[in-house]
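Participant: Going down the list, the protein sequences come from chains D and P.
Its first residue numbered 5, the first sequence is counted upward by one per residue in the working numbering.
Its first residue numbered 5, the second sequence is counted upward by one per residue in the working numbering.
There could be a bad hint or two in this list.
No copy is singled out in the list; a pair is fine if it fits within one copy or between any two copies.
[Unchecked claim] Result set (DSBU-like, lysine-lysine): computed pairs, CA atoms no more than 35 angstroms apart in a straight line: (1) LYS220 to LYS145; (2) LYS148 to LYS8; (3) LYS303 to LYS205; (4) LYS8 to LYS24; (5) LYS194 to LYS8; (6) LYS220 to LYS148; (7) LYS173 to LYS145.
Simulated from the structure, these hints should not be mistaken for laboratory data.
This is what each chain is made of:
2 protein chains.
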Amino acid sequence: MSDKINRRILFSRLMVGNPKKEDFELIEEPLPEPGEMQLLLRNLYVSIDPGSRDRLSGRDSYVPAKTLGEVMDTQSVSQVVVSRHPDYQVGDIVAGYHGWQDYAISNGKGLSRVDSGLGPISNAIGVFGLPGLTAYVGIRKLLKVASGETVLISSAAGAVGSIAGQIAKIGGAYVVGIAGGEEKCAFSKKVYCFDEMIDYKSESNINEALEKACPKGVDVYFDNVGGEILNAAVANMRRSGRILICGQVAEYNIEPAQRIGLRDVSAFIGKRLNMRGFVVLDHSEFFDEAKNTMADWIKNKQLIVREHIVEGLENAPQAFCGLFRGENFGRGLVHVADPSQ
Amino acid sequence: MSDKINRRILFSRLMVGNPKKEDFELIEEPLPEPGEMQLLLRNLYVSIDPGSRDRLSGRDSYVPAKTLGEVMDTQSVSQVVVSRHPDYQVGDIVAGYHGWQDYAISNGKGLSRVDSGLGPISNAIGVFGLPGLTAYVGIRKLLKVASGETVLISSAAGAVGSIAGQIAKIGGAYVVGIAGGEEKCAFSKKVYCFDEMIDYKSESNINEALEKACPKGVDVYFDNVGGEILNAAVANMRRSGRILICGQVAEYNIEPAQRIGLRDVSAFIGKRLNMRGFVVLDHSEFFDEAKNTMADWIKNKQLIVREHIVEGLENAPQAFCGLFRGENFGRGLVHVADPSQ
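Work the whole structure out from these sequences, hints included.
Facilitator: Structure, rendered in structure tokens:
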């Protein structure tokens, strides 16, 4: 295999503001050789995650800041091409964090086998990966959303929000979503069956739009974006409302000192609000339950999964940049290669 | 008694920015006559509460906005002067919400008898009233501060903060207080036995001062002030840190749209922070335990109570304005009259 080339996309420039294609560099290297107890993996799908942005400015977030010249280590679904490890065989499909490259070496640590019985293998890093698990654990285990509650979800047509909203609906909540653009809003109402959708791109006053869409006020806000929408949500929260901070896409591109943040902290007293930050990796005890329950829902057509698949590894950087312009619609993935038999 | 005069201090102008003496008006009225099932009360002590500010701008807070021309209905310790109610006798000492006036009519609703066995009667609206109960319930019941944790307290020489910090110390925490001025800081270290004090008036960089005073980071922030100090606390919180929002004195005088608020909401994800707003009136099931436990601590000199008593009802407005300039040092009270036998 020494004539084969491994394309790798590196993080090559500290980001200021919106990510740019030029912040990445595509290099070509010879295929690496796995050592004793190692595997050579061929990536089939890799992910496009808004959460990656927060560590591309040189600051630590819930994972340490990335240093320049590293490969973008997003989630991946891969096939074992060479195995020098007793636990894996050539042809096995595994999920891990091998990111934006054609091939990677693994020692088996952090890998999980993809259960193709649950659905298409790309789902392993979508609904059965961090986005879906975040939605399930957030709505069912941390927020404990009850039937009849009003649940507000931002980035509602996205990878996490679309699943979170549907899980809240399955539990009997009244679900209001916020997304950008007519198409996403119409789709979310029709296919995800959300009760109301707010198109933040066409609304001049999010606060009033929220007031109208949530006539009883908001019991639960599942926040993927932060910024002005978080502030409007706080203004519309009911007494004892709960806010789960899952993502802050609107704030990642802004230096901390310039961030909009949350203006009216006094409202937390008046309304007895509770706000909590959340990383699903802390709650792995719920993962099996989440995967099995969501697989059942998908089979029963109670849960609809939409993926936004970009063709070709070389297009990963521009797909990542597009995330912050609201161009994704569903779980963002790059299709790198097909599995061989 | 028809020749007697009742002085009453009314809220007479909507406040913008810092409260001013001229926002209040002192009027004189004839003594009111209690009807059937009513009492005439003579106020002995009335309170000076920073929390009142938030409803003097025409906005609702955790109590509805006050309307102009109403008497300032702060907490009060009073003596029954005339009783036409079977449950009360002339001479009884009661606590209620009769505020800035010499005399008030009560139908007995919302009154509680003052147990003079617990301490001086002024304590009924101090350590055994809302400030002390807020401190006790906050530290012991909601934050559940554990031994060895680092607890940061703002407005640490004030009515709530001084009690909260001492209760955290009794529970074995490492307590760092923030207060304004050398005298308050020295007193809090010496008398309240706080481990470290930060004088926010002399520190040019609160963030660095916190880093130095809390070398392990902050586990619990008991927030009475909000604003820049809240932001510095968030920057110094440890993983899974808890923030209890009890007061926002630094923000009450600022229109919501101009408030500093909380800038770095992303830190809530990275550090899995939890922030909760709190009004002690929701937790009356703990009041008896709190009063009895604190009375024991006071007897054993484990808990030191300091009151800042201003002489004369007519001085209540300027004492209130002084609160926001940091002039209070301990529980703010106005001494209106002495009990008669």
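Participant: All the hints need checking, so say for each whether the structure fits it.
Facilitator: Do the hints match the structure? See the list:
| no. | hint | verdict |
| --- | --- | --- |
| 1 | LYS220 to LYS145 | both (24 angstroms within a copy, 30 angstroms between copies) |
| 2 | LYS148 to LYS8 | neither (50 angstroms within a copy, 60 angstroms between copies) |
| 3 | LYS303 to LYS205 | within (34 angstroms within a copy, 63 angstroms between copies) |
| 4 | LYS8 to LYS24 | within (29 angstroms within a copy, 78 angstroms between copies) |
| 5 | LYS194 to LYS8 | neither (46 angstroms within a copy, 73 angstroms between copies) |
| 6 | LYS220 to LYS148 | both (19 angstroms within a copy, 33 angstroms between copies) |
| 7 | LYS173 to LYS145 | both (15 angstroms within a copy, 34 angstroms between copies) |
Comparing the model with each numbered hint stated earlier shows that hints 2 and 5 do not hold.
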